[in-house]
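Could you put the whole structure together from the sequences, leaning on the hints where they help?
From first to last, the protein sequence lines stand for chains A and B. In case it helps, the numbering used here puts the first sequence at residues 1 to 321. In case it helps, the numbering used here puts the second sequence at residues 322 to 568.
All clues given are correct.
Selected chain B positions facing chain A (Cβ under 7 angstroms, derived; list incomplete): (1) Pro-415; (2) Leu-455; (3) Glu-481; (4) Asp-487; (5) Val-546; (6) Ala-565.
Since the hints were derived computationally from the structure, they do not count as laboratory data. Values in this document were obtained by computation on a predicted structure and should not be read as measured data. Backbone N, C-alpha and C fix where the C-beta goes; we use that ideal spot for every residue, glycine too.
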Amino acid sequence: MSVFIFIDHTEGHVKKSSLEALSYGAALAAQLGTTAEGILLGTIASDPAKLGGFGVKKIHHAAQESLNTLDAQVYARLIADIVTPAGEGVLVFPNNVTGKAVAPRVAVRLKAGLVTGVIALPDTANGFVVKKTVFSGKAFANIALNTPFKVIGLNPNAYTVKEGEGSAQIVSVTAASPTPKVKVMSTKTASGEIPLTEAELVVSGGRGLKGPENWGMIEELAHLLGAATACSRPVADAHWRPHNEHVGQTGIAIAPNLYIAIGISGAIQHLAGVNRSKVIVVINKDPEAPFFKAADYGIVGDAFDVVPKMIEAVKKLKGLA
Amino acid sequence: MKILVCISKTPDTTAKIAFTNNNTKFAGDGVQWIINPYDEWYALVRAIELKEKDASTAVHLVTVGAADTEPIIRKALAIGGDEAIRVNADSHDPYYIATQIAEVARTGGYDLVFTGKETIDYNGSAIGGMVAELLDLPYISLATKFDLNGTTATVVREIEGGEETDEVALPAVVSCQKGVAEQRIPNMKGIMSARTKPLKVVEPVAAEPLTSIVSFELPPAKAGVKLVPADNPAELIRLLHEEARVF
Ligand SMILES: Cc1cc2nc3c(=O)[nH]c(=O)nc-3n(C[C@H](O)[C@H](O)[C@H](O)COP(=O)(O)OP(=O)(O)OC[C@H]3O[C@@H](n4cnc5c(N)ncnc54)[C@H](O)[C@@H]3O)c2cc1C
Ligand SMILES: Nc1ncnc2c1ncn2[C@@H]1O[C@H](COP(=O)(O)O)[C@@H](O)[C@H]1O
Chain A
1 MSVFIFIDHT EGHVKKSSLE ALSYGAALAA QLGTTAEGIL LGTIASDPAK
51 LGGFGVKKIH HAAQESLNTL DAQVYARLIA DIVTPAGEGV LVFPNNVTGK
101 AVAPRVAVRL KAGLVTGVIA LPDTANGFVV KKTVFSGKAF ANIALNTPFK
151 VIGLNPNAYT VKEGEGSAQI VSVTAASPTP KVKVMSTKTA SGEIPLTEAE
201 LVVSGGRGLK GPENWGMIEE LAHLLGAATA CSRPVADAHW RPHNEHVGQT
251 GIAIAPNLYI AIGISGAIQH LAGVNRSKVI VVINKDPEAP FFKAADYGIV
301 GDAFDVVPKM IEAVKKLKGL A
Chain B
322 MKILVCISKT PDTTAKIAFT NNNTKFAGDG VQWIINPYDE WYALVRAIEL
372 KEKDASTAVH LVTVGAADTE PIIRKALAIG GDEAIRVNAD SHDPYYIATQ
422 IAEVARTGGY DLVFTGKETI DYNGSAIGGM VAELLDLPYI SLATKFDLNG
472 TTATVVREIE GGEETDEVAL PAVVSCQKGV AEQRIPNMKG IMSARTKPLK
522 VVEPVAAEPL TSIVSFELPP AKAGVKLVPA DNPAELIRLL HEEARVF
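Put into structure tokens, the structure is as follows:
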């Protein structure tokens, strides 16, 4: 059985979450003693064969420009048609917005067991059991899949990208793609900014910052670190910050390497979206703030005093002051 | 316009997460159960708003669950659904659940199926896409705005780092999240009328679960916070750089 990895891309670049999925798929293929094959729909700016460096031997490439925008129905049909001849296999999707739209449809077409939110390589010693996050990051579940095809949605930032040498053989997919039923009218992205779900470092602010006019220091710290910015729900609700920055149970769930929470109390619903972060730093003037219990590092202090000093220290570290 | 809203039951957001039966079962005793917030606040409320704009709209609810999901369904009816269908089955396999919902949607002839973005316990984010595929319908996931113009829907959905505006001819399946609507509290009139609204129980259609839960685990406990004095933020930056090595 082969391992197939779906390669998601935007504006000509393969997304980091897909490089993680490629690395994961290659490791899984090695574990199963089989080969990893990529599936690329649409066009990218670089030579797709170079993705062999992430461990895929072959890439099934449907190079129609029309495939550069997502239509889940169209994608699912193409992907299922590509893998069906193999009879069995594991399909790895990044568990990002694209993966969440496409993987469930592909699973239905292949009558494959589906597990999303996966955070580690499966246990294949005795069947096929994968670990996923449940209860909004507060626990994990081990899920067994026993269908010939298996579909996995790998959480962003759960697996480290491994890049080496290698070139993949390109197999052109010529099948006509079905006509999309969804018409894309417009897209709006904040260009230049790091999307929160892809960010390795995140600086986040809460109601403790008092008002939107005080976000300058949050943005400056984030900018210096190359981090994305996030916020708590009341901050987004009050329109201090855009909704797409809201993390937590009802917002986005993230798992960056570093999450700096400034003026955020650490309510359980907030933690639900950030508790898988590898290192959590809390700046809060209340020593009793619940966030300290979930933190790795912290300062009990006034953000308006502490954050400017952090900015100075980062500038020094980076040789900017 | 007939809208089907998928309603699931989840533990309250503050519920203590613990497991029993050798870590194979969620310890649900004494836990307060709620309507999954995405289903209640966004999918259900938006459906009700569409009905308020066009009185000929019918809002039906479906849940796949055992008899203990009925209080949740009654609450959803109190917020404003017209009638509810409970498929009498208890499963965690997304394919199994989606098959049941697709069957209800197919036989009921709905123009629109709304789901929440994800369940806050299982975090699958999968049911909507599966239902759409089973019905061979377009699926717009992670909607932040939803509007109707006759039988054409205009939907704004989340994409990485931004949003996309789509147009789709109904029928379609849409998963809803924050932005689509605002939370509503059921009023007395709603609570009273919910008692007499129809709640139909149907038996599941045959479907194989394709996955099974082997066990649950809790994350390892954190070692504890390392506090840095407030007058020395530079030390914090040094620790993050040299000890934690995050930048
Ligand atoms: C069903 C449900 C879902 C929810 N989903 C989410 C979610 O997805 N995301 C989310 O964030 N919340 C969510 N909430 C809300 C959550 O319960 C909290 O109310 C919210 O997270 C609090 O936001 P906050 O920490 O910014 O504000 P507060 O709770 O007001 O905390 C502000 C903190 O700032 C500190 N502070 C004040 N001044 C300073 C200063 N000068 N310097 C340093 N620190 C200072 C205070 O000590 C305090 O700890 C949800 C709630 C419910 C019921
Ligand atoms: N048992 C269920 N009954 C009805 N709807 C459900 C059920 N489980 C999930 N859903 C719907 O599907 C959405 C996504 O669920 P999930 O794929 O489990 O994250 C939820 O927000 C609900 O709208």
